[in-house]
Amino acid sequence: MSIKLNVKLALTLMLGLVFLLLPGILKGYGLYAGENNYFYERVVSLVDDNIPDKDELSYSGRDFNYVLAPISVLSFLEKILSIKFLLIFLPILSGLIALYLFYLLLKRLNLEDNEAYLTIIFFIISPLFIYSFGSYNILIFALPLSFLALILFLKEENKFHKNLSLLIIFILGFFDYRALISVLLFILIYLIKNKKFKEFYFPLIVALISIIINYLPKIIKHGLGYSIKENYFKMLISDLGSSYGISIFLLFFAFFGLSYLWKTKYKNLHLYIAFILILILSLLNKDFIIYLILLVFYLSSLGINNLISSRWESERIRKLTIFLLIFGLLFSAYGSLSLVKNSQPNEQLFSALINLYNIGSKNDVVLSHYSYGILINSISEKRNIIDSNFYYIDDLEKRYMDMQAIFYGRNADLTKKLIDKYNVKYILITKEMKEGLVWTQNNEGLLFVMQNSQEFRKIISNDYAEVWRAG
Amino acid sequence: MKINNKIILVIIFLLTLSFRLYVSFTNSTFSSDDSYFNLRVAQHIIENKSPLVYDELSYSGRSFIYPQFFNYLLALFSFIPEYEKIIPAILISLMVFIIYLISKRITNNANASLFISFISAFIPIEVRTTVNQISVYSLVIPIILLMILCLLNLETKKYFNLFVILSFLLPLIHPISFLFAFSLLFYLILINTESITVTKYKKEIILFSFFVILIINFFLYKSALIKYGLNIIWQNIPGALFNEYFRTFNILEVLYLAGVVPLILGAIGIYTGLFKKKDENMVLLSSFILSSLLLMSLKIISLQVGVLFISLPLLIASSKSLYNLYYYFSLTKFEKVKKYFNIVFFIIIIALSLIPSIFIALSLPNYNQDSEVFKWLKDGTEKNSVILAPIELGNILTYYSGRKNIADNNFLLAPNVEERLNDIRLIYISPFEIKGLELIKKYDIDYIYAPVYYLDKFNLQKIPYSDDEKCFELVRKDVYKIKC
Numbered sequence: 005m006s007i008k009l010n011v012k013l014a015l016t017l018m019l020g021l022v023f024l025l026l027p028g029i030l031k032g033y034g035l036y037a038g039e040n041n042y043f044y045e046r047v048v049s050l051v052d053d054n055i056p057d058k059d060e061l062s063y064s065g066r067d068f069n070y071v072l073a074p075i076s077v078l079s080f081l082e083k084i085l086s087i088k089f090l091l092i093f094l095p096i097l098s099g100l101i102a103l104y105l106f107y108l109l110l111k112r113l114n115l116e117d118n119e120a121y122l123t124i125i126f127f128i129i130s131p132l133f134i135y136s137f138g139s140y141n142i143l144i145f146a147l148p149l150s151f152l153a154l155i156l157f158l159k160e161e162n163k164f165h166k167n168l169s170l171l172i173i174f175i176l177g178f179f180d181y182r183a184l185i186s187v188l189l190f191i192l193i194y195l196i197k198n199k200k201f202k203e204f205y206f207p208l209i210v211a212l213i214s215i216i217i218n219y220l221p222k223i224i225k226h227g228l229g230y231s232i233k234e235n236y237f238k239m240l241i242s243d244l245g246s247s248y249g250i251s252i253f254l255l256f257f258a259f260f261g262l263s264y265l266w267k268t269k270y271k272n273l274h275l276y277i278a279f280i281l282i283l284i285l286s287l288l289n290k291d292f293i294i295y296l297i298l299l300v301f302y303l304s305s306l307g308i309n310n311l312i313s314s315r316w317e318s319e320r321i322r323k324l325t326i327f328l329l330i331f332g333l334l335f336s337a338y339g340s341l342s343l344v345k346n347s348q349p350n351e352q353l354f355s356a357l358i359n360l361y362n363i364g365s366k367n368d369v370v371l372s373h374y375s376y377g378i379l380i381n382s383i384s385e386k387r388n389i390i391d392s393n394f395y396y397i398d399d400l401e402k403r404y405m406d407m408q409a410i411f412y413g414r415n416a417d418l419t420k421k422l423i424d425k426y427n428v429k430y431i432l433i434t435k436e437m438k439e440g441l442v443w444t445q446n447n448e449g450l451l452f453v454m455q456n457s458q459e460f461r462k463i464i465s466n467d468y469a470e471v472w473r474a475g
Numbered sequence: 040m041k042i043n044n045k046i047i048l049v050i051i052f053l054l055t056l057s058f059r060l061y062v063s064f065t066n067s068t069f070s071s072d073d074s075y076f077n078l079r080v081a082q083h084i085i086e087n088k089s090p091l092v093y094d095e096l097s098y099s100g101r102s103f104i105y106p107q108f109f110n111y112l113l114a115l116f117s118f119i120p121e122y123e124k125i126i127p128a129i130l131i132s133l134m135v136f137i138i139y140l141i142s143k144r145i146t147n148n149a150n151a152s153l154f155i156s157f158i159s160a161f162i163p164i165e166v167r168t169t170v171n172q173i174s175v176y177s178l179v180i181p182i183i184l185l186m187i188l189c190l191l192n193l194e195t196k197k198y199f200n201l202f203v204i205l206s207f208l209l210p211l212i213h214p215i216s217f218l219f220a221f222s223l224l225f226y227l228i229l230i231n232t233e234s235i236t237v238t239k240y241k242k243e244i245i246l247f248s249f250f251v252i253l254i255i256n257f258f259l260y261k262s263a264l265i266k267y268g269l270n271i272i273w274q275n276i277p278g279a280l281f282n283e284y285f286r287t288f289n290i291l292e293v294l295y296l297a298g299v300v301p302l303i304l305g306a307i308g309i310y311t312g313l314f315k316k317k318d319e320n321m322v323l324l325s326s327f328i329l330s331s332l333l334l335m336s337l338k339i340i341s342l343q344v345g346v347l348f349i350s351l352p353l354l355i356a357s358s359k360s361l362y363n364l365y366y367y368f369s370l371t372k373f374e375k376v377k378k379y380f381n382i383v384f385f386i387i388i389i390a391l392s393l394i395p396s397i398f399i400a401l402s403l404p405n406y407n408q409d410s411e412v413f414k415w416l417k418d419g420t421e422k423n424s425v426i427l428a429p430i431e432l433g434n435i436l437t438y439y440s441g442r443k444n445i446a447d448n449n450f451l452l453a454p455n456v457e458e459r460l461n462d463i464r465l466i467y468i469s470p471f472e473i474k475g476l477e478l479i480k481k482y483d484i485d486y487i488y489a490p491v492y493y494l495d496k497f498n499l500q501k502i503p504y505s506d507d508e509k510c511f512e513l514v515r516k517d518v519y520k521i522k523c
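Residue numbers (the numbering used here), protein chains in the order written: chain B, 5 to 475; chain D, 40 to 523.
No lab work stands behind these hints: they were computed from the structure.
Source: prediction; values computed, not measured.
Treat the hints with care, as some may be off.
[What the hints assert, rightly or not] In silico BS3-like cross-links for lysine-lysine, where the CA-CA straight-line distance does not exceed 30 angstroms:
#1 Lys83(B) <-> Lys58(B)
#2 Lys435(B) <-> Lys480(D)
#3 Lys261(D) <-> Lys435(B)
#4 Lys269(B) <-> Lys241(D)
#5 Lys435(B) <-> Lys481(D)
#6 Lys261(D) <-> Lys31(B)
#7 Lys474(D) <-> Lys420(B)
#8 Lys323(B) <-> Lys241(D)
#9 Lys421(B) <-> Lys481(D)
#10 Lys239(D) <-> Lys338(D)
#11 Lys261(D) <-> Lys438(B)
#12 Lys271(B) <-> Lys239(D)
#13 Lys242(D) <-> Lys271(B)
#14 Lys420(B) <-> Lys239(D)
Based on the sequences and whatever the hints tell you, model everything.
As structure tokens, this is what we get:
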């Protein structure tokens with residue numbers, strides 16, 4: 005039995021490894037999938053022995069107030085290993101560890117074997133897995149640490165484990181406060197269920213200290229700040245284009261899972277409360293969606309398990325329903341893999357950015373959509389006006405509004421005024437921007453202005469990207 | 040007697056078909072802009088053997104998503120002369136058989152079922168929606184009714200299989216399949232709240248159907264979902280037209296559109312079936328009415344579609360009232376007056392359903408004048424010309440002229456609908472030539488069609504700045520060529 009279980013686990017980990025290797029295989033051309041690896045490669049090069057005060061390229065100069073722990077880890081390991089190797093190897097290693105820890109956690113929560121494996125398989129084939137472990141980012145630390153903290157905390161009989169768990173909770177705050185809050189929430193519900201609420205004070209205090217150390221100074225200096233509004237459902241559902249959301253088909257399975265749990269009515273009240281609380285948190289901050297989804301994986305595994313094992317009056321309809329949902333789920337997984345394949349930068353954008361690197365100086369400012377900001381910094385080594393690191397930027401709202409005014413305004417004078425305000429020297433336009441990311445028509449806003457004004461000159465162009473020189 | 044009923048039913052079918060074909064063949068154009076869209080898609084399928092996914096003419100070129108099963112069906116029968124008039128008429132006329140079978144299943148009374156079947160051919164709103172039109176509802180209505188019939192007979196294997204097949208088919212025909220899916224959901228909720236026992240079998244098939252419809256729609260509309268998110272339920276209808284599409288309804292209008300007989304008898308049937316007898320069939324019909332009302336009040340479906348899907352279940356429920364009446368007659372001394380009652384009821388149907396429907400059919404819009412102009416444009420303009428016409432004529436324009444339009448009423452995935460609508464209005468009414476010419480240049484417009492009846496809406500006789508001969512040449516009545 006034990007051998008059988010290990011084989012199952014090994015096969016599951018193998019499946020995880022295949023998915024972890026896919027981003028590199030799918031992207032090809034030696035390109036990273038997404039902006040994370042480019043970002044860390046650049047910022048680590050800025051860190052010598054000390055952390056710098058400023059990043060001169062992002063937002064044309066901003067405080068170096070990034071989450072420091074992942075940068076420090078990379079900077080430390082870079083002394084003995086090549087950074088390119090680390091950027092690829094660490095996420096894969098972390099992904100496998102996370103899968104194993106997730107399995108242990110589920111077993112500790114007394115899930116049946118089938119449910120545990122299904123939950124892990126749902127995790128592997130979801131976009132969240134590749135989003136978390138497809139590149140170097142805070143989640144490659146936050147998720148395994150969260151799982152580990154919970155496993156250790158749930159070992160009630162062992163005090164050493166409890167203390168180790170508190171230490172990990174403390175460390176977790178250095179990587180991701182959302183992971184910390186989610187772990188805390190889970191512990192709270194677990195303790196309430198087991199009528200040990202008093203034990204909650206220790207993790208709470210440790211978490212508060214960690215948060216105060218890591219975030220309070222930044223919040224005092226910059227406030228909670230402005231965030232770019234994004235459609236919640238688009239972020240939640242991967243089939244609507246979210247890079248880490250959940251498949252709509254998995255939601256269907258989760259529906260069956262909930263209806264299965266509901267058979268015992270309020271016996272699983274703690275689970276409903278956990279679900280509702282994380283749902284509320286995710287509504288307040290979309291990044292909590294990641295932790296909400298982990299719970300949905302569990303509900304979905306319950307659902308499919310229930311569907312497979314339950315007796316229906318019509319066997320044909322039961323099989324058809326399961327087939328339809330699994331087919332949809334696989335189709336959805338395929339869709340998320342093509343998202344990775346099509347992730348930026350593609351070969352042509354990379355080529356345009358390299359060409360831009362060879363022009364002008366490091367102080368030149370490049371205007372583009374914020375999703376290209378980090379690539380502009382890292383590949384072209386030029387300044388951007390805005391990028392996707394939104395936290396702790398004092399004038400983010402103003403910058404965002406100005407960008408909107410530049411992109412959509414057809415008044416050449418006003419556009420020129422705003423472009424001068426940010427000392428924009430180059431404008432990067434991509435096919436993606438023309439096809440819905442910013443515009444839908446070829447003669448909209450800035451596109452119209454650039455085509456009809458002698459102030460703008462196209463200097464780089466290929467099938468996907470073009471760079472215009474302003475002034 | 041059985042043979043007689045069948046003959047009567049066939050006569051009703053032939054009468055219905057004749058009525059529809061007569062109206063169609065006495066009109067040289069169809070009575071809706073959408074008909075021309077459906078016809079163009081069908082013709083595209085015939086010519087290219089593939090669905091229309093990119094339309095070069097609509098919005099001067101745009102991507103396009105629409106389930107095209109209905110258009111494929113039309114294309115399949117294109118070997119029949121005048122197929123575009125005959126096939127939709129036959130499809131919708133088949134409804135009389137299905138209504139008969141449903142009523143018969145509910146009441147087990149042939150007389151009541153025949154009456155209801157006859158009324159179904161002359162529901163005013165249904166006449167307005169399908170007569171002399173290539174309307175997808177000509178197929179949707181019979182399919183939904185067939186699914187209801189299957190639901191009532193699930194214990195029979197052939198109906199069970201048919202329901203499974205139709206569950207796949209319906210979402211491939213029209214997004215109104217969502218209404219069906221939500222009605223089923225309502226049904227499950229209602230039977231639970233009313234504590235009515237329904238077989239597990241039925242619940243399972245309903246759940247299955249719900250998922251199938253949702254999943255197929257999801258795949259079909261994925262790109263639109265990504266673009267609009269949940270706002271897709273409003274189909275990207277521009278704000279300026281939103282209130283017109285989803286206007287609120289008043290009871291008199293509903294009475295007129297749904298028909299007095301189905302409304303009154305249906306309401307009685309639902310009341311007695313639902314509240315007095317807790318009849319499962321009536322719960323099913325009520326769920327369709329309730330979900331239509333809900334979607335209508337949430338402005339997710341239009342008044343016309345809403346009333347259409349309220350009137351049909353009401354009509355079926357009428358059979359129950361009629362049956363109750365016959366049953367009452369049989370228990371009392373009124374048995375003898377049953378024959379006279381049938382005659383009086385028949386006269387009432389003629390007065391309140393048939394005659395209003397004929398009036399509606401005769402007053403359906405025609406596009407003779409516009410089609411003549413567009414035919415002329417086809418011969419008299421360059422192939423790549425862009426022609427501006429009122430949005431409600433967008434599909435007719437592209438069909439007859441084969442030229443690009445600026446906008447039509449297929450809003451989903453259309454580019455900048457809001458902006459285009461506003462620009463079109465401004466081109467027609469702006470007192471400033473500079474503004475007008477700027478917008479004309481923006482869309483590369485070569486010709487403007489400005490019919491008097493359209494300008495009348497703005498109290499104009501012509502486009503205010505069209506006197507400038509350097510830029511505008513009146514090449515035909517209501518048609519201006521842009522010269523500058």
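Results for each hint:
1. Lys83(B) <-> Lys58(B): Satisfied, since the Cα-Cα distance of roughly 23 angstroms is no more than 30 angstroms.
2. Lys435(B) <-> Lys480(D): 24 angstroms, holds
3. Lys261(D) <-> Lys435(B): Given pair Lys261(D), Lys435(B) holds - Cα atoms ~20 angstroms apart, limit 30 angstroms.
4. Lys269(B) <-> Lys241(D): 24 angstroms, holds
5. Lys435(B) <-> Lys481(D): 21 angstroms, holds
6. Lys261(D) <-> Lys31(B): 24 angstroms, holds
7. Lys474(D) <-> Lys420(B): This hinted pair holds, its Cα atoms lying about 23 angstroms apart.
8. Lys323(B) <-> Lys241(D): 16 angstroms, holds
9. Lys421(B) <-> Lys481(D): 24 angstroms, holds
10. Lys239(D) <-> Lys338(D): 34 angstroms, violated
11. Lys261(D) <-> Lys438(B): 20 angstroms, holds
12. Lys271(B) <-> Lys239(D): This hinted pair holds, its Cα atoms lying about 25 angstroms apart.
13. Lys242(D) <-> Lys271(B): Holds, at roughly 26 angstroms.
14. Lys420(B) <-> Lys239(D): 68 angstroms, violated
In the structure shown, a violation is registered for the earlier hints numbered 10, 14, in ascending order.
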